[in-house]
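S.K.: Take the two lone chains and join them into the complex the hints point to.
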Amino acid sequence: MTPPSFSPTGIRFENIEKRYGGLYALRRISLEIAAGECVALAGRNGSGKTTLLRIAARLTRPSSGSLSFVNGRGEKNETLLPAGFVAHATMVYDELTAEENLLLFARLQGIAEPAARAEALLQEVGLEDRRNSLVRTFSRGMRQRVAIARALLNEPTVILLDEPATGLDPQGVNWFAETIRGLRDSGRTILMSLHGESEVSSLATRAIQLDAGSVVGDTRTGANFRSILSFASA
Amino acid sequence: MALLSNSAVLLGKELRTEFRSRELLTTTVVFILTIVVLFSFTFDPSASESRRFGPGLLWLAFLFAASLMLQPGFLREQNNDTLSALRLSVSDPFAIFLAKLIANAIFLLLTEMLLLPIFAILYNVHILAVFPQLVLVFFLGSVGVAIPGTAFSAISAQARMRELMLPVLLLPLLTPVLIGSTEATAALLAEKPELRLDWLGFLAGFDVVFLTALWLFGEYLLEE
Chain A
0 MTPPSFSPTG
10 IRFENIEKRY
20 GGLYALRRIS
30 LEIAAGECVA
40 LAGRNGSGKT
50 TLLRIAARLT
60 RPSSGSLSFV
70 NGRGEKNETL
80 LPAGFVAHAT
90 MVYDELTAEE
100 NLLLFARLQG
110 IAEPAARAEA
120 LLQEVGLEDR
130 RNSLVRTFSR
140 GMRQRVAIAR
150 ALLNEPTVIL
160 LDEPATGLDP
170 QGVNWFAETI
180 RGLRDSGRTI
190 LMSLHGESEV
200 SSLATRAIQL
210 DAGSVVGDTR
220 TGANFRSILS
230 FASA
Chain B
0 MALLSNSAVL
10 LGKELRTEFR
20 SRELLTTTVV
30 FILTIVVLFS
40 FTFDPSASES
50 RRFGPGLLWL
60 AFLFAASLML
70 QPGFLREQNN
80 DTLSALRLSV
90 SDPFAIFLAK
100 LIANAIFLLL
110 TEMLLLPIFA
120 ILYNVHILAV
130 FPQLVLVFFL
140 GSVGVAIPGT
150 AFSAISAQAR
160 MRELMLPVLL
170 LPLLTPVLIG
180 STEATAALLA
190 EKPELRLDWL
200 GFLAGFDVVF
210 LTALWLFGEY
220 LLEE
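Protein sequence lines, in the order shown, are assigned to chains A and B.
Under numbering that gives the first Met the number 0, the first residue of the first sequence carries the number 0, and numbering increases by one thereafter.
Under numbering that gives the first Met the number 0, the first residue of the second sequence carries the number 0, and numbering increases by one thereafter.
In isolation and in its complexed conformation, chain B is listed as follows (with noise of 0.2 Å):
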């Protein structure tokens, strides 16, 4: 209970420090638009074209932004050295990363729902019939991203070079999550829209193991 108290607790904060500032939620919508956006002029896909590249296109525009907003999550942490002050207040360590990794989670969604639509107009896709399904995979993707992504987030604050070394240690790792979300997303957007549950169980897989991964072993990525 403790946990899940603290870890609401801090998921408080996340959210607040977050919708007060803004800065995570702007600097990414702005470099997704760009990508988004740029692509589209430069290749003017038909909708068919789009049905192939789209999803991909779509995914890994996410990831590298996901790069880009992961890594303050606990390098703001090390301002004023407020990890230790975490750490001192809660009973399970977890709590911190649970906290981080579902506040990850929200941004990452909410950025992909305020650009999905924007997507499907300058790419000629309809999403509207499929939309609680690409919720569905868009959400599952985004937990498989958070986890890994708030894990080597904590690694990589206290690395120098910091700001390379969470690309660096992050994307390789996130490849199965961009091969299922793409694979997912793509079947939905496909001519006859189809809802890939082997892709899903592969997905919710994946966020389980390294939910697991970061429960047993977390504890020891914050220790000095």
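Bound conformation, chain A alone (with noise of 0.2 Å):
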């Protein structure tokens, strides 16, 4: 992976609650996310764990409360760059070549020089040999791969992944990992949701438990690491 290239960031939600109508997606959340953290976020299904994700990358509004991301001296940090975000749903043109999609997204992201930051990434995820392919012809593992360089063309502090390994086979599952120890090592703030105890799950360094919109659980403050992650599978 890029070596670090930036001042380690935290996250820190305040109070976040988020609404749809009279249906709470999220409750008074407060957590500090530490800089250089790897947090493995856990829950049922509907407990919130994607509404949180996409508060922290700023696409979902909170109906109240605040979200901001701090340095390593918990200063504030107001100019950081959009955090590195992938999903299940690949966010990628499928009408689009792999180094078309790279490219679009840095020219968009005004990253200085597009065609070797792209070039360097397809590198990095393995796909320089199919970067003339459209992405409709891709597998889900190599779809997820191009989703991770876009995700880091800005060369992101944070990274948030939203049950990013779904879907993938033991290969691509084994890639992801690797892919995600290296993004940890090189000191980014990883906040991830997962589905059980998997290779990912294991890369964590806590673990948080949503149930209904509210935090329930924090190997922080006592809780079990195993006991949040069998929760979120069972």
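Simulated from the structure, these hints should not be mistaken for laboratory data.
On a predicted model such as this, the values are computed, not experimentally measured, just so you know.
Where hints are given, some of them may not hold.
Stated by the list, open to error - Label-pair restraints from in silico Cβ distances:
id: 1; chain 1: A; residue 1: Ala-119; chain 2: B; residue 2: Trp-214; range: 35 to 41 Å
id: 2; chain 1: B; residue 1: Met-160; chain 2: A; residue 2: Asp-217; range: 37 to 43 Å
id: 3; chain 1: A; residue 1: Gly-45; chain 2: B; residue 2: Tyr-219; range: 23 to 29 Å
id: 4; chain 1: A; residue 1: Arg-130; chain 2: B; residue 2: Gly-11; range: 33 to 39 Å
id: 5; chain 1: B; residue 1: Val-36; chain 2: A; residue 2: Asn-44; range: 32 to 38 Å
As the list claims (entries may be wrong) - If you want the footprint, here are the derived chain A segments under chain B, 3+ residues with CB under 8 Å:
id: 6; region: 83–89
id: 7; region: 105–111
The C-beta atom is built at its ideal place from N, Cα and C for all residues, glycine as well.
M.R.: Set out below in structure tokens:
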């Protein structure tokens, strides 16, 4: 993975609430994710994991509460680049080639040398031989590689992963776990939602359990790591 | 500057994907061609009759075809949640709208330019002498359709019964464009052709008002 060229950044959720009409997706969530932490977010379907991640990505506006990004000294970082976001949906265009997708998003993000950055990332995710193939001809694992390359274009300090390994075959999960390990070891802050224990969940340094939009368990406050992840898969 | 460069990059993407698949253009051209040909054979109009109802028929066909063409604009962004990727990448969300509405206007204008000669032959109408003026009217009319059409396509993409939602929202709103474009076209196809500046000004005003509204409020249409 790309060597770190950034200052570590943490995430602070303060009394975050999200309502859709009368339905609460999140209820007064307050969490501090320290810079460089790799956090597994667990919970049943509908517990609020995706909503929390989309709020962290600034794709969804909370109904109340505030989100901020903080540096290692706890000071707010107002100029932070968008977080790298990878979800189950690949967030890339099937009708474009792998290279065209990366060039498109690199140009939109104003990256200085888009072609060189796309080239480097295609090599990192092992797709340099398929650069000119349309994404719609790719397997699920290959699509997810393009998705990760897209998320890393602007060298984000914060990576948000929403059940990214769903649907991947064992080799795909292995590759994905290695990629996450590289990102974690480079000092990036990672917040990922997972279902159950896996090779990917073993990379987490902390686990948080959500249920009905509230935090009901956190290894930082003494909850057991394995019981949080087994709850999620129950 | 970021707005313009982002819009240019996104416009390139819109054109590339459409010219690669030709889904929208093919569907729209076939739809309009069917209407124009059917009406021609059903009524077998004389030149004077064509001048009277031809422009209205033409613009109605364009309007219905536009509602078909505009539908997938934001719907396609939902397949892989690419809209989220775009929102994370652009500094101003208006760039997404600007690129899509320019692309939609180009596709509409292309369709109109392809079908105008066929209409002229089938309906025995002379268009060569007034072709540049017709292009101007069709340009303003197409932009007038594309601006609210793009905005409502963003709204309807998130709604249930989305296929019905867009025409229901869009067609009443486009009545002024339909009237303005039809009147301006009819004046150009009349026995003594005339470029009606009042209707052109009306169409330009409609475009400016809706473009400004989209610039001011477009961001809220993309929010979850």
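S.K.: With reference to the structure, classify each hint as holding or not holding.
M.R.: Going through the hints against the structure:
For Ala-119/A and Trp-214/B, the Cβ-Cβ distance of about 36 Å falls inside the hinted range of 35 to 41 Å, so the restraint holds. One distance hint, 37 to 43 Å for the beta-carbon pair Met-160/B and Asp-217/A, holds here, with the actual separation near 42 Å. A hinted range of 23 to 29 Å for the beta carbons of Gly-45/A and Tyr-219/B is consistent with their spacing of about 26 Å. Between Arg-130/A and Gly-11/B the Cβ separation comes to about 18 Å, which falls outside the hinted range of 33 to 39 Å.
For Val-36/B and Asn-44/A, the Cβ-Cβ distance of about 52 Å falls outside the hinted range of 32 to 38 Å, so the restraint is violated. Check result for the region 83–89 of chain A against chain B: holds, 4 residues qualifying (beta carbon to beta carbon below 8 Å, three or more required). For the region 105–111 of chain A, the assignment as covered by chain B holds, since 4 residues bring a beta-carbon within under 8 Å of that chain's beta-carbons and 3 suffice.
Going through the hint list in order, the structure does not satisfy hints 4 and 5.
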